[in-house]
Each structure stands twice: as structure tokens, then as C-alpha cells.
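Undergrad: Single-letter residue listing:
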Amino acid sequence: DTGVSQNPRHKITKRGQNVTFRCDPISEHNRLYWYRQTLGQGPEFLTYFQNEAQLEKSRLLSDRFSAERPKGSFSTLEIQRTEQGDSAMYLCASSFNSGGTEAFFGQGTRLTVV
Amino acid sequence: AQTVTQSQPEMSVQEAETVTLSCTYDTSENNYYLFWYKQPPSRQMILVIRQEAYKQQNATENRFSVNFQKAAKSFSLKISDSQLGDTAMYFCAFMKPGGSNYKLTFGKGTLLTVNP
Numbered sequence: 001d002t003g004v005s006q007n008p009r010h011k012i013t014k015r016g017q018n019v020t021f022r023c024d025p026i027s028e029h030n031r032l033y034w035y036r037q038t039l040g041q042g043p044e045f046l047t048y049f050q051n052e053a054q055l056e057k058s059r060l061l062s063d064r065f066s067a068e069r070p071k072g073s074f075s076t077l078e079i080q081r082t083e084q085g086d087s088a089m090y091l092c093a094s095s096f097n098s099g100g101t102e103a104f105f106g107q108g109t110r111l112t113v114v
Numbered sequence: 001a002q003t004v005t006q007s008q009p010e011m012s013v014q015e016a017e018t019v020t021l022s023c024t025y026d027t028s029e030n031n032y033y034l035f036w037y038k039q040p041p042s043r044q045m046i047l048v049i050r051q052e053a054y055k056q057q058n059a060t061e062n063r064f065s066v067n068f069q070k071a072a073k074s075f076s077l078k079i080s081d082s083q084l085g086d087t088a089m090y091f092c093a094f095m096k097p098g099g100s101n102y103k104l105t106f107g108k109g110t111l112l113t114v115n116p
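Here the protein sequences come in this chain order: A and B. Residue numbers for the first sequence follow my numbering, beginning at 1 and rising by one. Residue numbers for the second sequence follow my numbering, beginning at 1 and rising by one.
Derived by calculation from the structure, the hints in this document are not laboratory data. For clarity, every value in this text was computed on a predicted model and none was experimentally measured. Where a beta carbon is used, it is the ideal one built from N, C-alpha and C, also for glycine. A few of these clues could be false.
[What the hints assert, rightly or not] Computed from the model, here is a short list of chain A residues facing chain B with C-beta under 7 Å:
| no. | residue |
| --- | --- |
| 1 | T2 |
| 2 | S5 |
| 3 | G16 |
| 4 | D24 |
| 5 | Q41 |
| 6 | G42 |
| 7 | F45 |
| 8 | Y48 |
| 9 | E52 |
| 10 | A53 |
| 11 | F105 |
[To be verified] Calculated lysine-lysine pairs in the BS3-like style (CA-CA distance at most 30 Å, straight line):
| no. | chain 1 | residue 1 | chain 2 | residue 2 |
| --- | --- | --- | --- | --- |
| 12 | B | K103 | A | K11 |
| 13 | A | K11 | B | K108 |
| 14 | A | K57 | B | K103 |
| 15 | B | K96 | B | K73 |
| 16 | B | K55 | B | K96 |
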């Protein structure tokens, strides 16, 4: 297992287009998180899955954002009608279900909306 | 809501010297975890060190140690014998365990540069 994998690493899109990112967590991890990191800021929580269930969404996650984790394995984060303000690094992290406090992060997907 | 404050946007240190990164936090919780994560340039974030709030003893991991002052809500990271590979963004983070969501609340980070 090579850790948490995110694809693509970089994405440039035109304003108004839809984009989708993928995260493959460490295989035995039940918990999966999405965070957003803008320049000069720390990562901010977006949403959380336990297995396939999306259990919490931040108020940062507008209606244009949707996330899924079918079958409790990989996850996708889709942004519809992208705006320039969506430009950021999108980080995925996973952790063990049984009291696992260490989050393992992927390298992130850097989104640039032009 | 919890907040985490890192007041040093950037710091630098000479190789082999010691440096301390500051972090303060605000919470009304009594049971929580604090972390320092390292984010090297263009690489994924990794855990450096973890502290459980109910443990009075400060955590230590090789060259990394923390000074946890619960009453003052302070959680600083000391890096001894700094190495060039320590150059990275360092984020202080808070976690309230319990329930099922172990989400992290991060500070804005401190960019540490280790100079040869």
C-alpha cells in the first residue's frame, strides 16, 4: 500500500466548467476526509465519510460541491460551475475507524480556475 | 468552535541548531488531541507528533518535542539538531475525539527554513 492517492495532481479549468477529483484512501481505513487549503491558510474541513456514509459536511461546502464514496472505497469530489474562488489545493485524508487519531494525507489536487 | 493560532508565519534556523514553533488554541473541551503536521514542498502532509490533553507528560519523537501548557492553551514544537530535510510548512492542529468524526482544525502554518 503506497498511502493515500489523489488524482489528478493538477487541474486547470475554465470558470463555469465542472471538475471531479478522486481520492483512493489506505485500503483498511474506514474514515475519509476532504479538506481545502488556500494560499497562506491551513487546511479547512469540507466533509467526512465513514465507509460509504457521508456523515458531516462543512458550511464551506456549497451546493455546487458534492462528494461520494461508493462502496466505502475511493471517493470523488465534484465541483459544478466552478468559480475563481474555488482555486485551492484539495486534500484527502483517511484514518482508522477504531480510535485512529492519525490522519494520513494524500498529495492533494491543485485546482486553478481561470 | 475551536480555533488554532500560529503567530509566526515564517521562521528560519541554521542547520544543527534548535528552533521552537509556537501554537495557541482555544477550546472549552477538556478531552482533545493536539498535533503538529509537516508539509514539505510539493509533498503530502505527515504527522510529526501528537499530544493527548489528559496526559501531563510532554510528547517526544526523536528530535521533536512539545511543550504542552494546558491551562495556558499553548502547544509549542521544539526541533533539535535541525536538518535540511526539516524545511517545510508546519501546521498545528486540534482534534476533539468522540463520536465518529475525527476532523482536524488547523492553524495557518509556519514556514520553517533550515539554512546550511
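Undergrad: Compare the structure with each hint and give your call.
TA: Cross-check of the supplied hints:
no.	hint	verdict
1	T2	violated (11 Å)
2	S5	violated (10 Å)
3	G16	violated (29 Å)
4	D24	violated (13 Å)
5	Q41	holds (6 Å)
6	G42	holds (3 Å)
7	F45	holds (5 Å)
8	Y48	holds (5 Å)
9	E52	violated (13 Å)
10	A53	violated (9 Å)
11	F105	holds (4 Å)
12	B:K103 <-> A:K11	holds (26 Å)
13	A:K11 <-> B:K108	holds (24 Å)
14	A:K57 <-> B:K103	holds (11 Å)
15	B:K96 <-> B:K73	holds (14 Å)
16	B:K55 <-> B:K96	holds (15 Å)
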